[in-house]
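Student: In terms of the numbering used here, the sequence shown opens at residue 1 and continues consecutively.
Everything labelled a hint here was simulated from the structure, so no lab data went into it. Hints may contain errors.
Heads up, simulated PhoX-like pairs for lysine-lysine below, C-alpha to C-alpha not over 25 Å straight-line [unchecked claim]: (1) K117 to K152; (2) K174 to K152; (3) K261 to K174; (4) K129 to K195.
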Amino acid sequence: MSDKHLWFGLKYVSSALMLLMAISCGSEEKKVTNKIIKVNVMNVGSGPTSSTAKMEYNGIIESDVAINASFQVSGTVLNVPVQIGEFVKKNQLIAQINGTVYSSQYEQQLAQERLAKENYERINNVFQKGSIAEIRMIEARSQYEQAQAAVKMTYENVRHTKIYAPMDGYISDKMMEAGDLAQPGQPVVELVNIKTVKAALPIPDSEINNITKGDTATVAIPSLDDINISGIVEEISIQSNQGSPVYTAYVKLNNKDKKIKPGMTCAVSFNNTNNENVEGAQTIIIPSESIAVTADNKRFVYVVDGNSADRRYVEIGKLYDSGIAITKGLNKGDQLIVSGYHKLTQSTPVEIINDSK
Numbered sequence: 001m002s003d004k005h006l007w008f009g010l011k012y013v014s015s016a017l018m019l020l021m022a023i024s025c026g027s028e029e030k031k032v033t034n035k036i037i038k039v040n041v042m043n044v045g046s047g048p049t050s051s052t053a054k055m056e057y058n059g060i061i062e063s064d065v066a067i068n069a070s071f072q073v074s075g076t077v078l079n080v081p082v083q084i085g086e087f088v089k090k091n092q093l094i095a096q097i098n099g100t101v102y103s104s105q106y107e108q109q110l111a112q113e114r115l116a117k118e119n120y121e122r123i124n125n126v127f128q129k130g131s132i133a134e135i136r137m138i139e140a141r142s143q144y145e146q147a148q149a150a151v152k153m154t155y156e157n158v159r160h161t162k163i164y165a166p167m168d169g170y171i172s173d174k175m176m177e178a179g180d181l182a183q184p185g186q187p188v189v190e191l192v193n194i195k196t197v198k199a200a201l202p203i204p205d206s207e208i209n210n211i212t213k214g215d216t217a218t219v220a221i222p223s224l225d226d227i228n229i230s231g232i233v234e235e236i237s238i239q240s241n242q243g244s245p246v247y248t249a250y251v252k253l254n255n256k257d258k259k260i261k262p263g264m265t266c267a268v269s270f271n272n273t274n275n276e277n278v279e280g281a282q283t284i285i286i287p288s289e290s291i292a293v294t295a296d297n298k299r300f301v302y303v304v305d306g307n308s309a310d311r312r313y314v315e316i317g318k319l320y321d322s323g324i325a326i327t328k329g330l331n332k333g334d335q336l337i338v339s340g341y342h343k344l345t346q347s348t349p350v351e352i353i354n355d356s357k
């Protein structure tokens with residue numbers, strides 16, 4: 001046999017082998033594709049992971065009004081006649097410093113004022129008779145007025161040696177005791193009003209615009225057996241907290257029985273927010289692990305279509321404790337495959353092995 005005939009023979013045999021391999025592989029792939037995959041499913045729109053989603057946040061109770069009372073003059077503290085937790089009335093004495101120096105200065109200024117007054121009256125009488133120049137009378141009057149101003153100033157120093165409660169409230173903290181040296185503006189006691197309190201909530205920047213002033217909220221306080229209290233959003237910070245994209249919202253609460261104390265932790269849920277999760281709107285929430293991602297970053301899940309798997313491309317929303325919200329791609333009643341999905345491709349035969357829930 002010539003080399004030419006041998007070459008054509010080998011080429012024919014090679015082609016035949018490749019064809020047989022392709023047919024074999026095709027049969028193998030078809031066999032794998034036709035294999036029935038057992039899966040677990042959940043009915044979209046039912047169960048604990050698909051419900052009316054509420055915006056929920058953890059926060060801390062704060063007093064509605066808190067005042068750090070301080071002296072406006074320096075001195076040694078004589079006494080702080082209040083205790084932490086004590087209720088005080090407006091204008092009640094809550095702290096006092098030694099005012100001996102200021103009292104002495106006041107007495108000296110009073111004496112100088114009397115002398116300046118007598119001098120002015122005498123010179124003014126002489127001026128009225130025309131026996132003295134007007135400038136002398138003006139100088140005497142100016143000295144008298146300066147003495148009056150000095151008396152008022154030193155009297156204010158005497159008055160500031162005592163601190164009186166600026167409002168009804170509770171003493172929440174004492175920063176000084178008798179014998180301490182007080183400086184102007186240095187806090188001595190903290191006075192709080194807890195007739196009303198507020199829940200301070202850190203809100204991420206992606207969600208702060210979903211909350212507006214006047215929104216209603218439900219506040220649960222674990223230390224008070226999770227009693228639910230209705231409140232209203234009173235304030236929303238316009239600037240994020242330093243170093244983090246987090247804002248603060250404040251929910252005001254009535255506290256007539258004074259049981260709610262500043263510092264208590266709380267859980268706050270909003271029922272009427274200006275976002276996709278308004279009250280009564282059914283939000284589809286599915287287990288986040290059931291979502292897969294393609295090479296081009298498209299998200300998809302598998303649902304049961306007849307007896308096979310159907311790939312559904314989805315768009316996701318907010319993340320919740322129970323799963324992730326789906327904003328597009330799924331409908332209520334769809335049978336979402338939640339187990340066995342990693343073995344699936346489009347149209348893979350499936351068998352449901354659990355009761356849908």
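Student: Within 25 Å, alpha carbon to alpha carbon, are K174 and K152?
Tutor: violated, 31 Å
Student: Check whether the Cα positions of K117 and K152 lie no farther apart than 25 Å.
Tutor: holds, 15 Å
Student: Take a quick look at whether K261 and K174 sit within 25 Å of each other, Cα to Cα.
Tutor: holds, 17 Å
Student: For K129 and K195, compute the direct alpha-carbon distance and say whether it is at most 25 Å.
Tutor: violated, 67 Å
Hints 2, 4, counting from the list given before, are not met by this structure.
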